[in-house]
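Each chain, written out:
Number of protein chains: 4
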Amino acid sequence: MSHNSFGHLFRVTTWGESHGPAIGCIVDGTPPGTRLSRELIQRFLDERRPGQSRYTTQRQEPDEVHILSGTMPGESESELIATGTPIALEIRNVDQRSKDYSEIARRYRPGHADITYDMKYGVRDYRGGGRSSARETATRVAAGAIARQVVPGVRIQGALVQIGDVAIDRARFDWDETRRNPFFCPDPRTAEHWAELLDAVRKRGSSIGAVVEIEATGVPAGLGAPLYGKLDADIAANLMSINAVKGVEIGDGFASAALSGEENADEIRTGADGRPEFLSNHAGGILGGIATGQPIVARFAVKPTSSILTPRRSVDADGNEVDVMTKGRHDPCVGIRAVPIGEAMVACAIADHYLRHRGQTGRV
Amino acid sequence: MSHNSFGHLFRVTTWGESHGPAIGCIVDGTPPGTRLSRELIQRFLDERRPGQSRYTTQRQEPDEVHILSGTMPGESESELIATGTPIALEIRNVDQRSKDYSEIARRYRPGHADITYDMKYGVRDYRGGGRSSARETATRVAAGAIARQVVPGVRIQGALVQIGDVAIDRARFDWDETRRNPFFCPDPRTAEHWAELLDAVRKRGSSIGAVVEIEATGVPAGLGAPLYGKLDADIAANLMSINAVKGVEIGDGFASAALSGEENADEIRTGADGRPEFLSNHAGGILGGIATGQPIVARFAVKPTSSILTPRRSVDADGNEVDVMTKGRHDPCVGIRAVPIGEAMVACAIADHYLRHRGQTGRV
Amino acid sequence: MSHNSFGHLFRVTTWGESHGPAIGCIVDGTPPGTRLSRELIQRFLDERRPGQSRYTTQRQEPDEVHILSGTMPGESESELIATGTPIALEIRNVDQRSKDYSEIARRYRPGHADITYDMKYGVRDYRGGGRSSARETATRVAAGAIARQVVPGVRIQGALVQIGDVAIDRARFDWDETRRNPFFCPDPRTAEHWAELLDAVRKRGSSIGAVVEIEATGVPAGLGAPLYGKLDADIAANLMSINAVKGVEIGDGFASAALSGEENADEIRTGADGRPEFLSNHAGGILGGIATGQPIVARFAVKPTSSILTPRRSVDADGNEVDVMTKGRHDPCVGIRAVPIGEAMVACAIADHYLRHRGQTGRV
Amino acid sequence: MSHNSFGHLFRVTTWGESHGPAIGCIVDGTPPGTRLSRELIQRFLDERRPGQSRYTTQRQEPDEVHILSGTMPGESESELIATGTPIALEIRNVDQRSKDYSEIARRYRPGHADITYDMKYGVRDYRGGGRSSARETATRVAAGAIARQVVPGVRIQGALVQIGDVAIDRARFDWDETRRNPFFCPDPRTAEHWAELLDAVRKRGSSIGAVVEIEATGVPAGLGAPLYGKLDADIAANLMSINAVKGVEIGDGFASAALSGEENADEIRTGADGRPEFLSNHAGGILGGIATGQPIVARFAVKPTSSILTPRRSVDADGNEVDVMTKGRHDPCVGIRAVPIGEAMVACAIADHYLRHRGQTGRV
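Chains as they are written, first to last, in this note's numbering: chain A, 1 to 364; chain B, 1 to 364; chain C, 1 to 364; chain D, 1 to 364.
Just to be clear, a hint being listed does not mean it is correct.
Claimed, not checked - Some chain D residues judged to face chain C by a derived CB distance under 10 Å, without partners named:
| id | residue |
| --- | --- |
| 1 | R38 |
| 2 | L40 |
| 3 | R275 |
What the hints assert, rightly or not - Pairwise CB distance ranges, derived in the manner of DEER restraints:
| id | chain 1 | residue 1 | chain 2 | residue 2 | range |
| --- | --- | --- | --- | --- | --- |
| 4 | D | G218 | C | G51 | 24 to 34 Å |
| 5 | A | A171 | B | R172 | 47 to 57 Å |
| 6 | A | R180 | D | E79 | 50 to 60 Å |
| 7 | B | Q60 | C | Y101 | 21 to 31 Å |
| 8 | D | E75 | B | H66 | 55 to 65 Å |
| 9 | B | R275 | C | R92 | 50 to 60 Å |
| 10 | C | P21 | D | V364 | 47 to 57 Å |
| 11 | D | G74 | C | G122 | 55 to 65 Å |
To be clear, the hints were calculated from the coordinates, so they are not data collected in a lab. Note that the coordinates shown come from a computational prediction; the quantities given were computed from them, not determined experimentally. Glycine included, C-beta positions come from ideal geometry on N, C-alpha and C.
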């Protein structure tokens with residue numbers, strides 16, 4: 001057990017604060033022989049990297065990943081082979097502006113974890129948000145890049161499907177579009193609306209929430225577990241552990257409350273290959289905690305960041321009532337950069353269950 | 001790690017199938033000296049027990065709990081004192097009708113875990129749903145009764161807030177009402193609508209989904225952990241592990257996607273006792289994975305049960321295409337009985353974090 | 001994590017006190033399809049059962065095991081097939097003599113865990129030793145019987161190799177002999193000496209220590225892990241967790257301190273099958289925490305039980321100085337019955353590592 | 001669960017190979033407010049550092065520790081305060097001589113883990129022993145330095161008590177002596193014998209085994225757990241996980257096999273402070289898995305290293321029979337440097353149980 005680890009056989013432990021020398025993670029349990037490369041990991045980190053459009057924080061971090069252990073050189077120049085021992089990944093912190101933290105050290109931002117860290121620990125690294133900074137999520141993305149290599153044939157992709165109260169048009173959903181706009185938006189027309197919406201949010205120093213959708217295809221039927229290690233329960237925990245996430249759903253999710261049993265039941269026929277074929281996917285690819293072989297579909301809600309320019313009433317560590325506003329570089333919509341993070345967290349859950357399933361059953 | 005356990009310091013392991021001799025659980029980590037009684041546990045089991053109204057399955061199970069270990073007699077006749085060693089709880093299965101299971105043994109109910117158990121294990125106890133039966137949840141409720149005794153001053157209550165597309169009227173929310181109707185409904189007027197709605201559902205042999213809300217008050221500020229052992233992540237996993245649950249949210253949940261940072265930030269003042277006082281609770285009592293001291297609010301969506309009288313297309317274990325309908329005694333809305341189960345799962349998460357927090361920090 | 005569980009993928013959780021209604025365990029993670037039977041488990045329990053000779057306690061417990069979950073009927077009448085869900089095993093307590101415990105409730109037996117339970121918990125089930133009674137080990141033996149079925153081709157056997165200062169003659173070691181005397185002694189001549197020795201010990205109401213040796217053959221090369229999940233570290237923990245065990249060694253163990261590197265190195269040649277063949281086994285079948293494929297050899301030391309007729313100086317719970325002697329039925333040498341328990345604990349460690357190795361590497 | 005972690009609430013995860021850029025560990029669960037410093041950790045690393053006498057390997061590693069996360073500046077210049085978040089420690093590898101590894105890459109050293117790593121993983125970092133190198137133990141020592149700060153008043157010290165067949169004279173045991181000779185020997189006369197013995201071993205390119213003893217005083221009574229989380233079982237696992245360790249014992253250990261119950265029972269009186277006082281310590285400070293408050297005494301046997309100059313018969317990865325000898329810088333007696341490592345592993349076990357005990361019981 002550990003407060004800074006997740007997964008069982010494929011297990012990730014992260015460390016580091018926003019303004020320390022570096023952040024990093026240890027990925028333990030990677031099957032020996034798994035093919036990796038620094039570039040492979042860097043590619044996903046680059047997707048999460050801030051400062052790539054005017055819609056994310058202008059903090060400039062190269063987020064260059066260093067692989068410190070757990071691999072041997074592979075066949076090509078860049079290829080690495082996992083040896084099965086722990087893979088340590090490290091990312092140096094570069095753009096920590098030296099500034100005066102004395103004020104935010106003692107004033108609690110409303111809606112931020114400043115105050116609860118102090119409630120829990122009585123001491124906290126307040127510089128740039130310390131451990132609670134979204135910066136920590138870079139290590140998740142790096143770990144997720146390894147997780148993707150563990151399960152043969154799995155493909156995990158994410159999209160932003162709602163910003164504020166503007167949801168995408170499902171009829172126009174096109175995965176290829178998600179890489180063509182700065183929002184991971186699968187529908188170009190909605191992307192245009194979001195650009196306007198976010199420009200307005202940004203100009204008034206405000207922030208706004210969002211909903212992210214992750215889809216995993218090629219997940220072998222049978223992964224998961226019936227009760228407390230349910231694949232959906234682990235996905236839910238992994239996604240809920242991302243900063244600012246307030247809700248998680250699988251398949252039809254909350255909408256399934258309004259369905260009848262007839263509507264909700266995904267009917268089954270025998271496919272051309274003789275295997276069961278589902279005629280719909282209200283279940284989001286998971287029944288009884290176990291993968292059906294259909295695409296796994298998860299969504300999560302990201303609240304607006306508490307870093308805003310409008311002063312809000314608060315208190316300081318001495319109990320004085322103060323007004324707090326957050327200057328500096330911030331994301332108007334943290335949901336955007338949550339897309340690659342959500343992908344990574346789903347990838348890690350699936351990799352872990354792949355190994356656990358193989359362990360107990362000897363299959364796959 | 002275990003597929004049939006949850007929690008770390010307060011840890012519950014469950015066992016048993018619907019039609020075996022018994023079901024049960026082991027509760028490990030209860031603080032020595034915790035006051036318990038058989039009646040205390042039974043009271044919560046009685047709330048979950050089926051057959052108490054025409055809106056739940058007519059299966060008749062007394063669900064009498066037996067305490068087999070881990071306690072010593074207390075001061076009064078019924079009082080028991082936890083010794084700190086594992087508490088084994090057992091509930092005999094009584095109303096397993098002997099019947100011919102040969103048909104359902106091989107035909108997969110659409111929307112049910114029959115097929116995924118076979119995909120995972122290749123063998124399964126099909127009698128009454130076996131391990132996937134909601135019957136297992138009785139053991140969670142029993143464990144939850146012990147969990148409630150672990151944290152001094154905590155109070156956990158639940159309500160059904162939506163059936164189908166009929167949600168309660170928030171302006172009329174009254175916790176006292178939840179015990180006065182067969183739906184745990186906090187609003188008597190909505191309860192009447194639900195009665196009509198469910199009578200119709202029941203008559204046509206259908207089923208319908210629902211949303212449950214759980215509130216925990218008196219949770220000490222500081223419980224939780226910043227990253228992967230987040231209190232909300234553990235609550236999410238615990239709730240998602242309940243049969244038929246497809247979504248979980250904390251505080252404003254999915255609605256927070258539509259909020260601005262100004263709206264979402266719970267402002268803080270200094271209360272009469274000199275401690276921080278939040279002016280709203282969009283966060284649902286958790287910031288950065290750590291309890292703020294405000295009420296913790298969680299909601300979860302329950303899909304309609306797949307046990308319906310209308311035939312649905314499916315396949316059998318040999319790949320033959322068949323039509324499947326489920327005769328027998330079933331719940332038209334499994335969300336109703338999910339209320340005490342949800343309460344129990346939240347109670348267990350809080351008890352576990354209480355011990356973990358005390359372990360690391362020495363506080364509370 | 002749990003104080004009453006061990007193993008990761010093959011995980012055993014036990015519960016129960018000596019004088020409660022029953023004791024039991026949950027075995028989680030058994031591969032689906034594993035062939036079991038009640039008789040198979042009972043056979044090992046019978047080996048551990050007390051009262052089978054005058055050298056073990058005369059307490060009469062049938063130790064009949066009940067399988068409450070996790071299996072389906074197999075092909076023959078007695079055969080059971082594990083479904084992959086938790087297997088709950090239960091053994092009723094039968095021979096708890098009703099007697100007055102008021103004295104031992106408050107007086108600490110020197111060398112016994114009475115006092116440390118009170119130090120830890122402040123409350124304890126003193127009846128018959130409660131949770132600290134060797135009775136709990138019956139559940140380990142039952143779990144071990146299942147573990148043996150998990151790894152194809154593995155064979156685990158144990159022998160008593162020393163009582164007091166009388167060790168066996170290694171030159172006469174014969175596994176077949178271990179079932180022909182009441183001591184699991186592999187050397188009939190030593191068994192005769194032990195009979196005399198133990199008769200004397202028993203007559204003066206004393207007790208004596210012993211050393212047990214466990215050998216596991218057929219363990220696939222590669223099981224284990226390099227650092228903290230070392231196969232030998234897990235075997236050591238499992239054996240050290242048995243009541244009264246004070247030392248554990250692998251292969252040459254403490255004797256290897258006196259060896260030179262030349263003597264200790266097990267040389268390797270290529271065997272007839274083209275695979276590496278070790279010419280000796282100082283390592284006891286484990287190098288760097290990983291199985292070599294040779295027999296795994298572990299030994300553990302069992303201290304003499306503290307239940308003796310000679311009064312010893314002690315204190316009671318109020319701090320009064322008292323003399324304590326233990327009347328009643330006790331084992332003069334608890335090491336004898338530790339043999340099947342040690343076998344079971346080694347079996348569980350190997351089964352767990354078999355599943356863990358398969359999980360990470362996909363091999364075996 | 002993880003193959004590269006140990007502990008539950010005080011949890012250490014290590015990474016790194018002998019000849020990679022660095023090695024390191026993450027220490028998770030340190031109580032917030034724990035006082036640390038780089039110097040404090042470095043002091044223990046310096047004790048383990050090779051090349052300090054002619055009796056250890058001449059590899060020159062400064063073993064400078066870097067603290068990358070989890071602390072804030074304290075009151076003095078060097079003081080650091082743990083924040084409760086994970087502490088990442090890193091040690092750069094400096095003295096990796098560039099050399100041709102092609103030979104040892106494929107030839108298995110008898111008595112070494114080369115062959116079992118290949119059996120398990122099929123791929124391995126052979127450079128300098130890779131993950132199986134004793135170099136990894138530096139990270140344990142660093143983690144142990146933090147563990148020592150967790151339990152108020154605890155003191156952990158170690159001594160070498162046997163090299164080859166030369167044991168210390170118990171009558172001359174003096175802890176102060178252990179820092180006055182290059183062997184951590186508590187008896188100066190024996191230290192002289194060992195100097196001669198080891199010079200001879202070293203000159204003939206051989207190696208020899210040893211026994212280490214660790215004593216922990218000031219451990220609060222009540223730490224530990226009755227069955228599978230026994231304090232002695234965790235200490236045994238922690239010590240057995242150190243490279244080359246083949247046996248572990250607590251208190252009288254294997255010698256207790258030869259004792260009678262009368263001899264073994266540590267009698268109890270009431271001390272001057274009104275608390276129980278034990279008159280002897282055969283138990284080594286642990287009864288029933290729980291600390292008695294007496295000094296905890298553990299010993300472990302270290303086999304001779306397999307790196308010797310005398311050629312031994314072996315095979316290579318292709319199955320060819322070869323002769324193998326190990327040139328280069330090696331320890332004639334790895335038991336010497338195992339002393340600070342053993343101390344650290346015991347410290348970590350105690351720190352973990354301190355937090356676990358406080359979590360469950362609210363005491364200490």
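For each hint, the structure was consulted:
1. At about 25 Å, the closest approach between the beta carbon of R38 (chain D) and any beta carbon in chain C exceeds 10 Å, and the interface hint on this residue is violated.
2. Checking L40 (chain D) against chain C by beta carbon gives a least distance of about 24 Å; that is not within 10 Å, so the hint is violated.
3. Residue-level restraint check for R275 (chain D) holds (minimum Cβ-Cβ distance to chain C is 8 Å; threshold 10 Å).
4. Against the hinted window of 24 to 34 Å, the Cβ-Cβ separation of G218 (chain D) and G51 (chain C) comes to about 44 Å, which falls outside the hint.
5. Judged by the Cβ atoms, the range 47 to 57 Å given for A171 (chain A) and R172 (chain B) is violated: they are separated by roughly 38 Å.
6. Distance hint for R180 (chain A) and E79 (chain D): a CB-CB separation of about 53 Å, consistent with the stated range 50 to 60 Å.
7. Taking the beta carbon of each, Q60 (chain B) and Y101 (chain C) are about 40 Å apart, not inside 21 to 31 Å as hinted.
8. Checking the proposed 55 to 65 Å range against E75 (chain D) and H66 (chain B) shows it holds: the Cβ atoms sit about 57 Å from each other.
9. One distance hint, 50 to 60 Å for the beta-carbon pair R275 (chain B) and R92 (chain C), holds here, with the actual separation near 53 Å.
10. Against the hinted window of 47 to 57 Å, the Cβ-Cβ separation of P21 (chain C) and V364 (chain D) comes to about 33 Å, which falls outside the hint.
11. Roughly 36 Å separates the CB atoms of G74 (chain D) and G122 (chain C), a value that falls outside the hinted 55 to 65 Å.
Violation of the numbered hints given earlier is confined to hints 1, 2, 4, 5, 7, 10, 11; the remaining hints are satisfied by the structure.
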